[in-house]
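S.K.: Here is what each chain is made of, one letter per residue.
There are 4 protein chains.
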Amino acid sequence: MIKKINLCIVGLGRAGRFHLDSINQLDSCTLKYVVDPSLSSNDNIVSENDFILLKEIEQALVDQEVDGIIISTPTQFHFNCICQSLKAGKHVFTEKPLGKSAKEIKICFDLAQKKGLALFLGFQRRYDTNFIELRNTIEKIAKVRTVKMSSRDNPKPSLSYLKISGNIFHDMLIHDFDMLLFLMGYKIPISVFAYGHAYDPEIKKIPDFDTVLVTLKYADGLICSIDTSRTAVYGYDQRIELFGEKGMAIAENQKNNTVQVHTIEGGYQHPINYSFPQRYKEAYREEISDFVKGIQAGRHYNIPKKQCLLGHLIADAAHESATTNSVIDFQEKYQKELC
Amino acid sequence: MIKKINLCIVGLGRAGRFHLDSINQLDSCTLKYVVDPSLSSNDNIVSENDFILLKEIEQALVDQEVDGIIISTPTQFHFNCICQSLKAGKHVFTEKPLGKSAKEIKICFDLAQKKGLALFLGFQRRYDTNFIELRNTIEKIAKVRTVKMSSRDNPKPSLSYLKISGNIFHDMLIHDFDMLLFLMGYKIPISVFAYGHAYDPEIKKIPDFDTVLVTLKYADGLICSIDTSRTAVYGYDQRIELFGEKGMAIAENQKNNTVQVHTIEGGYQHPINYSFPQRYKEAYREEISDFVKGIQAGRHYNIPKKQCLLGHLIADAAHESATTNSVIDFQEKYQKELC
Amino acid sequence: MIKKINLCIVGLGRAGRFHLDSINQLDSCTLKYVVDPSLSSNDNIVSENDFILLKEIEQALVDQEVDGIIISTPTQFHFNCICQSLKAGKHVFTEKPLGKSAKEIKICFDLAQKKGLALFLGFQRRYDTNFIELRNTIEKIAKVRTVKMSSRDNPKPSLSYLKISGNIFHDMLIHDFDMLLFLMGYKIPISVFAYGHAYDPEIKKIPDFDTVLVTLKYADGLICSIDTSRTAVYGYDQRIELFGEKGMAIAENQKNNTVQVHTIEGGYQHPINYSFPQRYKEAYREEISDFVKGIQAGRHYNIPKKQCLLGHLIADAAHESATTNSVIDFQEKYQKELC
Amino acid sequence: MIKKINLCIVGLGRAGRFHLDSINQLDSCTLKYVVDPSLSSNDNIVSENDFILLKEIEQALVDQEVDGIIISTPTQFHFNCICQSLKAGKHVFTEKPLGKSAKEIKICFDLAQKKGLALFLGFQRRYDTNFIELRNTIEKIAKVRTVKMSSRDNPKPSLSYLKISGNIFHDMLIHDFDMLLFLMGYKIPISVFAYGHAYDPEIKKIPDFDTVLVTLKYADGLICSIDTSRTAVYGYDQRIELFGEKGMAIAENQKNNTVQVHTIEGGYQHPINYSFPQRYKEAYREEISDFVKGIQAGRHYNIPKKQCLLGHLIADAAHESATTNSVIDFQEKYQKELC
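Protein chains in written order, with our numbering: chain A, 344 to 682; chain B, 344 to 682; chain C, 344 to 682; chain D, 344 to 682.
None of these hints come from the bench; they were simulated from the model. Since this is a predicted model, take the numbers as computed values, not measurements. Accuracy of the hints is not assured; some may be wrong.
Below, computed lysine-lysine pairings styled on DSBU-like, alpha-carbon distance capped at 35 angstroms [what the hints assert, rightly or not]:
#, chain 1, residue 1, chain 2, residue 2
1, D, Lys-649, D, Lys-589
2, A, Lys-506, D, Lys-486
3, C, Lys-483, B, Lys-506
4, B, Lys-547, C, Lys-679
5, A, Lys-346, C, Lys-636
6, D, Lys-679, D, Lys-457
7, B, Lys-375, D, Lys-636
8, B, Lys-636, B, Lys-648
9, B, Lys-548, C, Lys-636
10, C, Lys-676, B, Lys-589
11, C, Lys-398, A, Lys-347
12, C, Lys-676, A, Lys-346
13, C, Lys-346, A, Lys-398
14, C, Lys-486, B, Lys-506
15, B, Lys-589, B, Lys-446
16, C, Lys-676, B, Lys-547
17, A, Lys-346, A, Lys-624
18, C, Lys-483, A, Lys-347
19, D, Lys-624, D, Lys-530
20, D, Lys-486, D, Lys-679
21, A, Lys-483, C, Lys-499
22, D, Lys-676, B, Lys-483
23, B, Lys-346, D, Lys-346
24, B, Lys-483, B, Lys-506
25, D, Lys-676, D, Lys-443
26, B, Lys-375, D, Lys-624
27, A, Lys-548, A, Lys-648
28, A, Lys-457, A, Lys-430
29, C, Lys-679, C, Lys-648
30, B, Lys-483, C, Lys-624
31, C, Lys-624, A, Lys-483
32, C, Lys-458, C, Lys-346
33, A, Lys-648, A, Lys-483
According to the in silico footprint, chain A covers these stretches of chain B (three or more CB under 8 angstroms from chain A) [to be verified]:
#, region
34, 459-469
35, 606-619
No residue lacks a Cβ here, since even glycine has one placed at the ideal position from N, Cα and C.
Turn these sequences into a full structure, and let the hints guide you.
M.R.: Written out as structure tokens, the structure reads:
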């Protein structure tokens with residue numbers, strides 16, 4: 344029988360609570376600690392679960408029983424927390440981003456490699472059953488010539504979150520750039536161009552965009568477009584369309600149920616999934632399950648260093664394009680940072 | 344170049360006007376006469392078209408230029424009109440029914456055969472592109488074990504029409520029984536059973552049903568169900584589902600357009616086709632085109648005599664079952680009339 | 344904090360393992376015992392879980408810590424096991440059937456009531472999100488005039504199971520009759536009629552049917568049809584269509600993912616859910632969760648005695664109809680047993 | 344009764360034959376002449392129809408009975424033919440383009456206006472029932488923030504056609520730019536950017552692209568993307584998605600029929616419409632019908648001059664962007680030509 348993996352969650356906000364649920368559902372791991380200075384032992388989430396609540400991470404890091412740290416703190420603490428955990432000999436699962444820059448991303452991966460530890464990233468869409476199936480269908484339509492993604496959030500996040508989120512390219516679109524890498528493999532664009540607009544005056548003031556269209560071109564002819572919105576009242580809209588030489592493949596949104604109602608007004612169906620907790624419910628569990636299996640099997644990443652770096656640099660390039668209204672020659676300006 | 348076929352329409356009611364439109368759209372035929380005592384030369388439909396308006400059929404029957412008669416009179420005149428036309432040496436296309444009884448149906452077919460003339464029936468659903476495609480898919484799922492049909496009318500016909508329509512079995516379900524024969528071939532049921540109900544008190548008084556479920560069983564195990572309603576507010580609902588050893592095939596309703604609207608209320612589509620003129624628009628033209636081609640090619644029927652008879656007898660049996668609340672042994676009670 | 348409920352599963356076959364999984368996923372209950380004479384402590388399912396394995400139920404019944412018994416033995420043992428558990432003061436969740444007859448069903452419910460204990464039935468479809476939503480839409484289309492259900496199993500159960508399953512009416516269709524009660528409320532048919540056929544010669548020998556169509560009529564005009572097959576190669580097919588005065592509502596099958604592939608051959612989607620463990624995965628968890636909540640809240644059933652009895656008697660009537668090829672006057676022949 | 348309109352078709356190639364069919368189906372007009380030097384009186388299309396075949400247009404232009412000229416010659420002859428017809432006092436319906444340049448487009452419209460004659464353009468998509476319905480739904484989701492169009496041709500046109508087609512921007516995308524104007528009204532972009540690629544080496548040699556992505560931005564924040572391909576093996580793919588503040592509206596492709604087949608391999612549907620004659624069959628008739636009605640009612644255009652000009656200039660800008668790999672400041676470079 345395989346040993347159960349002991350985990351510690353750092354930061355029990357929204358993402359941390361998904362991870363708590365996932366661990367509760369998995370037989371393969373146990374939650375020993377939660378580090379969160381904002382919680383007390385009287386909080387329901389503490390009293391109804393069996394973990395030990397800590398104010399600081401140190402006790403978990405020195406506990407020999409702890410195998411892995413799950414980092415879901417506010418983003419500005421990710422980098423330090425990752426480094427500290429790896430140095431203490433713990434496997435790490437972290438929400439994105441690893442750090443503020445390509446340099447910090449490299450430091451994290453290099454440290455994990457040097458220590459022989461796992462470094463897993465919370466790009467949960469890679470665990471979505473629809474996108475996995477989409478990737479499996481690519482050979483039926485290959486070679487892919489055009490990729491179109493819709494990635495529209497619902498509901499709009501709070502302004503306080505948006506202010507510390509980096510920007511829409513690093514906070515939202517980073518998932519889409521990662522999905523591009525997941526679907527098409529490691530592939531470096533030659534050109535990146537983006538249009539952005541802020542309908543929300545508060546978002547404009549940050550300054551950030553709430554509506555964006557990013558387009559990319561690759562040397563072999565592949566053209567991609569990704570459109571994003573911070574709000575989509577009809578539900579959480581994440582679809583991908585691949586157009587290839589032999590056909591087209593589409594991953595559609597999920598619906599909450601299969602009921603259709605037909606009246607004199609027409610045909611009606613329930614809205615699509617309301618938001619990401621609904622859409623990625625199972626993906627959130629799968630990503631933790633995969634982290635645990637990775638630890639058990641000595642598999643040390645779910646996203647390779649160079650893919651993680653490339654996604655980050657595409658976000659940089661798209662941000663530069665949208666703010667300068669210029670076409671970015673990716674190979675000239677960003678490719679050197681990939682090394 | 345093939346000779347154009349000259350036609351005469353008898354009865355320019357709703358069905359007659361479909362046929363007028365069809366002839367106008369077809370290059371292969373010309374409308375020489377319309378017989379309709381209720382029309383005058385001042386009516387728009389007369390002044391805007393080139394046909395000669397007659398009060399009586401005789402002039403058309405003695406005109407050597409006329410090849411075929413299209414009969415769309417009220418149903419009680421069909422039988423006499425068919426016989427008169429065939430005796431005058433004219434090919435006949437007629438709306439159902441041929442007559443009041445199996446005996447009259449036989450007389451019509453036998454007369455047509457004796458005279459070497461075409462006798463075509465207006466079972467327009469056989470020309471519907473969806474049902475044709477459904478029949479083409481049967482081999483992919485064969486052998487068929489269960490057939491389910493929905494046949495729901497919209498809007499409810501007028502009471503005056505319903506009073507002279509025969510009954511729901513001979514007026515509406517006859518199309519579904521014919522579709523069974525079209526899809527499954529000539530196949531005699533061993534048993535027929537039907538439930539009926541009249542929600543509309545006026546229909547109850549006729550007496551007739553407005554809601555019916557007919558079930559049939561065949562010696563090889565095939566089981567069929569057909570549900571009918573005189574009204575379906577969401578549109579004209581005619582669907583068929585075939586369940587077979589290797590799979591299932593479904594012919595769905597048609598929609599007026601492909602637009603979807605997604606809002607906070609959910610996903611919305613236009614209603615399905617409102618009624619039969621929308622759903623069978625092209626089928627109505629195809630049936631007249633097929634009649635013309637039949638005349639040109641010496642092909643003398645679109646529905647064989649024995650299929651026409653069998654459909655009629657199944658309607659008789661279903662009517663008997665629903666009104667007596669008993670299972671009908673079809674082979675014992677009706678099969679002899681097939682000869 | 345609400346007390347955790349301690350449970351014992353009797354019979355760790357297919358259904359028992361679903362319940363084991365459900366309990367593992369629920370925070371509100373703990374599995375203390377499993378009774379299954381065919382298991383040993385070396386079996387993986389025993390070593391990987393924390394329950395105490397018993398050969399006989401007695402030890403669990405005398406354990407004061409045990410609140411409820413979940414019965415998933417072969418069907419012939421249900422009745423005795425229910426009675427024994429209730430007499431021992433334990434709440435009971437049981438797979439159907441409660442017993443062989445209406446009499447045994449009554450005994451179970453009366454005993455539960457007398458003892459003030461919960462008696463829950465494993466009609467998992469009542470917990471299916473699609474059927475729940477379907478019920479919620481009824482008022483939009485009411486009043487319902489026609490109900491059509493498809494209930495096609497996949498894959499075909501083993502012959503050894505089929506031999507002890509009772510018959511297709513009590514083993515499969517009982518779920519559909521229960522769904523009728525769930526959707527339409529307690530409503531007694533006036534007439535039942537069924538056609539059945541056995542394509543599989545082994546099933547014919549039992550004797551049983553593998554393909555069935557049941558139709559029911561109610562005094563207010565409502566007509567229902569249910570078609571069943573022991574096999575449906577394209578997947579587990581459970582759909583319901585409600586046709587009402589104001590419209591139509593349909594609960595469609597679920598798909599495994601949302602991917603569409605379009606090639607020169609046409610549009611393609613993955614098969615629907617393969618079988619009931621996929622389709623009712625969440626419903627199986629919800630029914631155990633509901634049992635636990637029922638115990639906690641003093642709510643003593645999920646399906647009322649009279650609904651359970653009525654479903655059973657409809658199955659009796661349908662079986663009688665199909666085997667005698669006659670229309671069953673339900674009120675005359677079965678209604679008295681409802682009391 | 345309204346006077347029938349007499350028409351002359353110039354050029355009986357593929358488009359010309361659609362117009363011939365349309366006129367045959369319309370009661371409101373008659374085809375008197377066809378001008379096509381490549382046809383002889385022995386050709387089937389001539390012998391089977393009633394028009395007078397001419398080698399030169401002059402006879403039609405001097406015939407007082409002729410009301411309108413339909414121009415479907417090769418594109419290089421459009422401009423002269425339009426001018427000649429208008430000068431002769433004839434109403435004109437013409438396939439795009441009106442001419443080679445914004446200047447020629449202006450000349451045509453100005454001439455038509457001066458002469459008080461109709462000048463209609465064959466942008467048939469404006470008559471497509473799906474796109475009309477899409478436009479009707481805009482208010483439900485307004486204000487629109489993102490427009491996404493797919494416009495993928497099937498099958499690939501012949502190389503000889505492609506060589507004289509202008510380029511993909513003026514030959515294909517011009518329809519999409521026109522659709523943007525149809526849906527969003529007269530709205531001038533501030534910025535245009537395009538990526539293009541030629542997978543087909545023969546198309547590369549022209550030089551032209553076969554795969555293109557055009558993006559546009561407007562001063563109010565609206566962002567549009569249009570992706571095009573000269574080939575789409577799964578059928579003629581023309582879809583539009585509008586994303587707005589209150590929701591999303593989509594016009595999907597049409598299917599040839601509604602049949603679904605479900606087997607162990609999954610769910611299957613027929614391909615979408617094969618090509619534009621299938622998809623726009625009714626639109627082709629509607630555009631001629633609208634031209635005839637325009638003549639009858641004294642309505643002199645279906646697309647206003649300024650919309651036609653703007654579409655042409657957007658095509659120019661997109662072509663410039665794709666060939667120079669630069670963002671085009673539309674207002675600086677092209678807006679002056681709108682006057």
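S.K.: Hint by hint, note whether the structure agrees.
M.R.: Status of the hints after comparison with the structure:
With a C-alpha separation of about 30 angstroms, the suggested pairing of Lys-649 (chain D) with Lys-589 (chain D) holds against the 35 angstroms cut-off. At roughly 26 angstroms between alpha-carbon atoms, Lys-506 (chain A) and Lys-486 (chain D) fall within 35 angstroms of each other, so this suggested pair holds. Simply put, Lys-483 (chain C) and Lys-506 (chain B) have alpha-carbon atoms about 31 angstroms apart, close enough for the 35 angstroms limit, and the pair holds. Between the alpha carbons of Lys-547 (chain B) and Lys-679 (chain C) the distance comes to roughly 31 angstroms, so the proposed pair stays at or under 35 angstroms and holds.
Between Lys-346 (chain A) and Lys-636 (chain C) the CA atoms are separated by roughly 33 angstroms; this keeps the pair inside 35 angstroms, and the hint holds. For the proposed pair Lys-679 (chain D) and Lys-457 (chain D), the alpha carbon gap of about 23 angstroms is at most 35 angstroms, so the pair holds. Pair hint Lys-375 (chain B) plus Lys-636 (chain D) holds up; C-alpha atoms about 28 angstroms apart against a cutoff of 35 angstroms. In summary, the hint linking Lys-636 (chain B) to Lys-648 (chain B) is supported, as the alpha carbons are separated by about 19 angstroms, within the 35 angstroms threshold.
At most 35 angstroms may separate the alpha-carbon atoms for a hinted pair to count; Lys-548 (chain B) and Lys-636 (chain C) exceed this at roughly 53 angstroms. Of the pairs offered as hints, the one joining Lys-676 (chain C) and Lys-589 (chain B) is violated, with about 39 angstroms between alpha carbons and a cut-off of 35 angstroms exceeded. A C-alpha spacing of about 29 angstroms is found between Lys-398 (chain C) and Lys-347 (chain A), which places the hinted pair at or below 35 angstroms, so the restraint holds. Of the supplied pair hints, the one linking Lys-676 (chain C) and Lys-346 (chain A) is violated, its CA atoms being roughly 62 angstroms apart against a limit of 35 angstroms.
Among the hinted pairs, Lys-346 (chain C) with Lys-398 (chain A) is consistent with the structure: their alpha-carbon atoms are about 29 angstroms apart, no more than 35 angstroms. For the given pair, Lys-486 (chain C) sits about 26 angstroms from Lys-506 (chain B) by alpha-carbon distance, which is consistent with the 35 angstroms threshold. Straight-line distance between C-alpha atoms of Lys-589 (chain B) and Lys-446 (chain B) comes to about 40 angstroms, which puts the hinted pair past the 35 angstroms bound. Simply put, Lys-676 (chain C) and Lys-547 (chain B) have alpha-carbon atoms about 28 angstroms apart, close enough for the 35 angstroms limit, and the pair holds.
In summary, the hint linking Lys-346 (chain A) to Lys-624 (chain A) is supported, as the alpha carbons are separated by about 26 angstroms, within the 35 angstroms threshold. Restraint check: the Cα-Cα separation between Lys-483 (chain C) and Lys-347 (chain A) comes to about 51 angstroms, which exceeds 35 angstroms; the hinted pair is violated. Among the hinted pairs, Lys-624 (chain D) with Lys-530 (chain D) is consistent with the structure: their alpha-carbon atoms are about 29 angstroms apart, no more than 35 angstroms. Distance restraint check for Lys-486 (chain D) and Lys-679 (chain D): the Cα-Cα separation of roughly 28 angstroms lies within the 35 angstroms cut-off, and the hinted pair is therefore satisfied.
The straight-line distance between the Cα atoms of Lys-483 (chain A) and Lys-499 (chain C) is roughly 31 angstroms, inside the 35 angstroms bound, and the hint therefore holds. A threshold of 35 angstroms between alpha carbons decides the hint, and for Lys-676 (chain D) with Lys-483 (chain B) the separation of about 59 angstroms lies outside it, so the pair is violated. For a cut-off of 35 angstroms, the pair hint linking Lys-346 (chain B) to Lys-346 (chain D) stands: about 30 angstroms separates their Cα positions. About 43 angstroms separates the Cα atoms of Lys-483 (chain B) and Lys-506 (chain B), which puts this hinted pair outside 35 angstroms; it is violated.
Taken as a hint, the Lys-676 (chain D) and Lys-443 (chain D) pair is honoured in the structure, with Cα atoms around 18 angstroms apart against an allowance of 35 angstroms. Annotation: proposed proximity of Lys-375 (chain B) to Lys-624 (chain D) holds, straight-line Cα distance about 29 angstroms (limit 35 angstroms). The hinted pair formed by Lys-548 (chain A) and Lys-648 (chain A) meets the criterion: a straight-line CA distance of about 34 angstroms does not exceed 35 angstroms. Pair hint Lys-457 (chain A) plus Lys-430 (chain A) holds up; C-alpha atoms about 10 angstroms apart against a cutoff of 35 angstroms.
With a CA separation close to 15 angstroms, the supplied pair Lys-679 (chain C) and Lys-648 (chain C) stays within the 35 angstroms bound. For the hint linking Lys-483 (chain B) to Lys-624 (chain C), the alpha-carbon distance of about 31 angstroms falls within 35 angstroms, and the restraint holds. Straight-line distance between C-alpha atoms of Lys-624 (chain C) and Lys-483 (chain A) comes to about 30 angstroms, which keeps the hinted pair within the 35 angstroms bound. Between Lys-458 (chain C) and Lys-346 (chain C) the alpha-carbon distance is near 21 angstroms, which keeps this suggested pair within the 35 angstroms criterion.
Distance check on the hinted pair: Lys-648 (chain A) and Lys-483 (chain A) sit about 29 angstroms apart at the alpha-carbon level, within 35 angstroms; holds. Coverage of the region 459-469 of chain B by chain A is violated. Counting CB-CB distances below 8 angstroms, 0 residues qualify, and the rule asks for three or more. Only residues whose beta carbon comes within less than 8 angstroms of a beta carbon in chain A count, and the region 606-619 of chain B has 10; three or more means the coverage holds.
Hints 9, 10, 12, 15, 18, 22, 24 and 34, counting from the list given before, are not met by this structure.
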